[in-house]
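**Student:** Same order as they appear, the protein sequences are chains P, E and B.
In terms of the numbering used here, the first sequence is residues 1 to 266.
In terms of the numbering used here, the second sequence is residues 267 to 653.
In terms of the numbering used here, the third sequence is residues 654 to 957.
In short, the hints are calculated from the structure, not lab data.
All residues carry an ideal CB built from backbone N, CA and C; glycine is no exception.
One thing to keep in mind: the hints can contain errors.
Here are some of the chain P residues that sit facing chain B, going by a computed Cβ distance under 8 Å [said to hold, decoys possible]:
1) Leu70
2) Phe89
3) Ala104
4) Met117
No more than 30 Å apart at the CA atoms, straight line, and that leaves these computed lysine-lysine pairs for DSSO-like [as the list claims (entries may be wrong)]:
5) E/Lys456 x E/Lys619
6) B/Lys850 x E/Lys419
7) E/Lys609 x E/Lys638
8) E/Lys455 x E/Lys609
9) B/Lys850 x B/Lys868
10) E/Lys456 x E/Lys419
11) E/Lys396 x E/Lys455
12) E/Lys278 x E/Lys456
13) E/Lys396 x P/Lys173
14) E/Lys570 x E/Lys278
15) E/Lys419 x P/Lys173
16) E/Lys390 x P/Lys173
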Amino acid sequence: MRKASALNLAALGIGIAFLYLPIVILVIYSFNASHLVAVWGGWSTRWYAELAGDAPLLQAAFISLRIALLSAGVATVLGTLAAVALVRFGRFRGRLLFAAMIYAPLVMPEVITGLSMLLLFVAVSIDRGFWTVVIAHTTMAMCFVTVIVQSRLVDFDMSLEEAAMDLGASPLKTFVAITLPLILPAIAASFMLAFALSLDDLVIASFTTGPGATTLPIRIYSEVRLGVNPEMNAVCSIMIAVVGIAVIAASLLTKLGAARGAQARL
Amino acid sequence: MPTAGLNRGFAKRGFAPWADRTLQPLLRLEALSKRFGAFTAVDQLSLDIYQGEFFALLGPSGCGKTTLLRLIAGFEQAGAGRILLDGIDLEPVPPHRRPVNMMFQSYALFPHLNVEANVAFGLKQEGLAKAEIAERVADMLALVRLQNFGRRKPQELSGGQRQRVALARSLIKRPRVLLLDEPMAALDKKLRGETQFELMALQRRLGLTFIIVTHDQSEAMTVADRIAVMDRGRLMQVAPPAEIYEQPNSRWVADFVGEINLFEGRVGDDGTSVEGTALGRLRVAAKIDAESGATVWVAVRPEKMRITASEPPRGEAGGTGPENCAAATVIDIGYLGDLSIYKLCTDAGVSVKAALANTGRFTEAAVGCDDKVWASFPPDAAIVLTR
Amino acid sequence: MTNRQRQRSFMAQFVVRIPYAWLVAFFLVPFLIVLKISLSQTAIAQPPYTPVFDLAAGWHGLRNFFADLSFDNYALLGSDPLYVLSYVKSVEIAAFSTLLLLVIGYPIAYAITRMPRRAQAVLVLLVVLPFWTSFLIRIYAWMNILQHDGPLNQLLLGLGIVREPPAWLATDTAVYIGMVYSYLPFMVLPLYATLEKLDEQLLEAAADLGCPRWKTFWLVTLPLSAPGVLAGALLCFIPIVGEFVIPDLLGGSRTSMIGQTVWTEFFANKDWPTAAAVAVVLVCLLVTPIIVFQHQAMRGTEHG
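Please take these sequences and the hints and turn them into a complete structure.
**Tutor:** Spelled out as structure tokens, the structure:
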């Protein structure tokens, strides 16, 4: 009975076009020889060449990558612990506050979280820079990790853990040998999400950064608020390509793994 | 089904350790209680299970049989009472250290490991040498006839094959007690029958003690040496299948296991009759263990009822008239292939069930719907229940 | 407590306390600090506010500290129309954006559920993929398009729909476009998740009882998708209220949204206490929807 009507297909078509058109236009204009949007100067890669020579920009990109890797890593660990606590530990003291602190940052406007963390760092006299951004991003990302891992844990078949214990594996061994491998896709997905969130963040990074720790979004923003800039088009196109390839590859891999399992199911 | 209880099948001749006063039980449950909030799942339950038994926990949903199993395995902690295995209190022992293994209803096979790795899991926890593990796994797979399936993943197996992997996995550690939680619930009828006999053969061959939880009476009757019938956290009766069926200790057990006709009355003065029942005065073979005038119930299994076209002759012990009988009309007939269930209504308006084997093929049914017949039973077919 | 229970709670503490401590340190405490600073005055000093909490000052210092705190900043917020207008505008834009997102997102989510199963995963991926590419980039992409001589105006001029190229940037319309574009995945995903779990058999039962398709949608599908609608709406509304980047890059300068106000007070005016006060009032404004969201979300965390 799952038949899509013409209306459905139209909605889908328009929706997807709406989502992708701006990106496509952006990429096209990154190859525009002319630096004026109104004028099409022919295909050219000059902006990409300029990009390669833009040292501050490249450095900002490098810093962003390092921050993203670090904060995603720590956030994944913390978020997984939090998810385990929320799902498996029943009603412990302070659970309500804990859960509130997990879900609030998901929706809290970034200016508030950014501002509050900056004020914290100032109050305890921590110099702002690379590490404060890492801490801020970790805090923000950990909540997303928790939500994703928790939803996987809730669906997890507890009898698998009981069977492992019944066969002689200690609770810790059970978690490592049985639970962890099975929730690994969720953990990996949340790592990627944390990575993307960090790489992309402007507001929180602006509040919590310091000298020498300019991130890529901050640099892009400072260029972009002055107006459209073809070199920025090139940067963005590259970022889109990289992320696009990574996400598609990741989802193909997960689909492949799932398909293999489902196919073999009798 | 009525005939199952009499099918001894693989029943071990002369095996009755529970009757031997000098034997220590392998597993002893002492006044075990478990509550979930306001709900009492297990209520001060005491039970002895002996080495080599195939023991069944039988009861309706929610009677606490699975909870009891999980208490023994260690996944639940008792609120009161003790569990002793070989005389040792299991309470401080966590589930991964108990010499008890469980076969889960859903099999709980690890989806990310293949069959060999699943079966070997328990042995790996014991830290045995790789070579020894491989050998024992191969032996166990051969025992459950899955030799060529070692490399497959659980998702690639059929329901019956998965069940055998689960069995192999829990047996390979040679546990003192193997717990089986409704192991055949997911199998179709034919496979279930075959698996029951396989389980019994396996149990006898390995000399292990099995405790099986089931809500299927015929399954319990087929496989078990003794059955514990449970209701609402309590034991109703613990006895071998034949005894449960032919000598139930209460109306509840009589009604739960198989079908039963119950006639309420008062013990007569001579001690072998019950008066004032819906069928009049009834005579039983043995002396009734109750006071004269006490309220009792006469219980008769449907297959022991007789249906005759005319009034049956008077009883052997002499008496003033035909006994243990009543005139009735056939209301309904349920044809089950091997036998037919007749639903009768006596002239006095009492409902009676009788079951007769269909011994002839395609013969014109002797008894048909709306026929006027006589229902009767011999005195020795009746059980008198005092509760 | 038995040995086993003691064992378990030791591990439990370990697992709970680490993330707990982190969140208290980096989420809860900062909030309290924001509160405190909202009650302080600006100062030309480092840090740029007074009073400064100094444990070393002792009890006397503490009393002075509390004496110096005041609600002046809040009074300013209430009296100066700039701030009030900013709050109102933010809520207005957020509410309308959320409505737009619902109207646009629901058909998309619904359409995905009507497609064959295998296509659904691909479609969801397609909807989510833009989200993975930088947020900033996507807004910038719209800046490209909405420029005075950008592709949109070129298209409209070319088709003869308009004679003069209209100004898109620095208008509320541009802000709405940006909001809908950025938050669409946040609306579509929860909607899709709820609609996808809808039992086909319910719809079949309705049809069996004589309900035409549109009526089934109205009477069965829509009410049952309410949790998804609520989740999506909250997931969009709350952050949109405090949005900064979209109104900053696409919007006009007449009235700022509250996120911009905080930013301006902080970075441009260097007035931390006022910025803090603005933030506190914003949180108070959002407290009710946040609690509703948390309540919804927490319902899913209880195991078994």
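**Student:** Are the hints correct? Go through all of them and say.
**Tutor:** Hint check:
Checking P/Leu70 against chain B by beta carbon gives a least distance of about 15 Å; that is not within 8 Å, so the hint is violated. Annotation: P/Phe89 was flagged as interfacial toward chain B, and the flag holds, the nearest CB pair being 5 Å apart, inside 8 Å. About 6 Å separates the beta-carbon of P/Ala104 from the nearest beta-carbon of chain B, less than 8 Å, and the hint is met. Given the 8 Å rule on beta carbons, the hint for P/Met117 holds: about 5 Å separates it from the nearest Cβ of chain B.
Using a Cα cut-off of 30 Å, the hinted pair E/Lys456 and E/Lys619 holds, with the two alpha carbons roughly 28 Å apart. This hinted pair checks out: B/Lys850 and E/Lys419 have alpha carbons roughly 28 Å apart, not beyond 30 Å. Of the supplied pair hints, the one linking E/Lys609 and E/Lys638 holds, its CA atoms being roughly 12 Å apart against a limit of 30 Å. Between E/Lys455 and E/Lys609 the CA atoms are separated by roughly 26 Å; this keeps the pair inside 30 Å, and the hint holds.
A threshold of 30 Å between alpha carbons decides the hint, and for B/Lys850 with B/Lys868 the separation of about 20 Å falls inside it, so the pair holds. A C-alpha spacing of about 25 Å is found between E/Lys456 and E/Lys419, which places the hinted pair at or below 30 Å, so the restraint holds. Between E/Lys396 and E/Lys455 the CA atoms are separated by roughly 39 Å; this puts the pair beyond 30 Å, and the hint is violated. A distance of roughly 24 Å separates the Cα atoms of E/Lys278 and E/Lys456; the hinted pair therefore holds under the 30 Å criterion.
Straight-line distance between C-alpha atoms of E/Lys396 and P/Lys173 comes to about 19 Å, which keeps the hinted pair within the 30 Å bound. Annotation: proposed proximity of E/Lys570 to E/Lys278 holds, straight-line Cα distance about 27 Å (limit 30 Å). About 21 Å separates the Cα atoms of E/Lys419 and P/Lys173, which keeps this hinted pair within 30 Å; it holds. With a C-alpha separation of about 11 Å, the suggested pairing of E/Lys390 with P/Lys173 holds against the 30 Å cut-off.
Of the numbered hints given earlier, the model fails hints 1, 11; all others are met.
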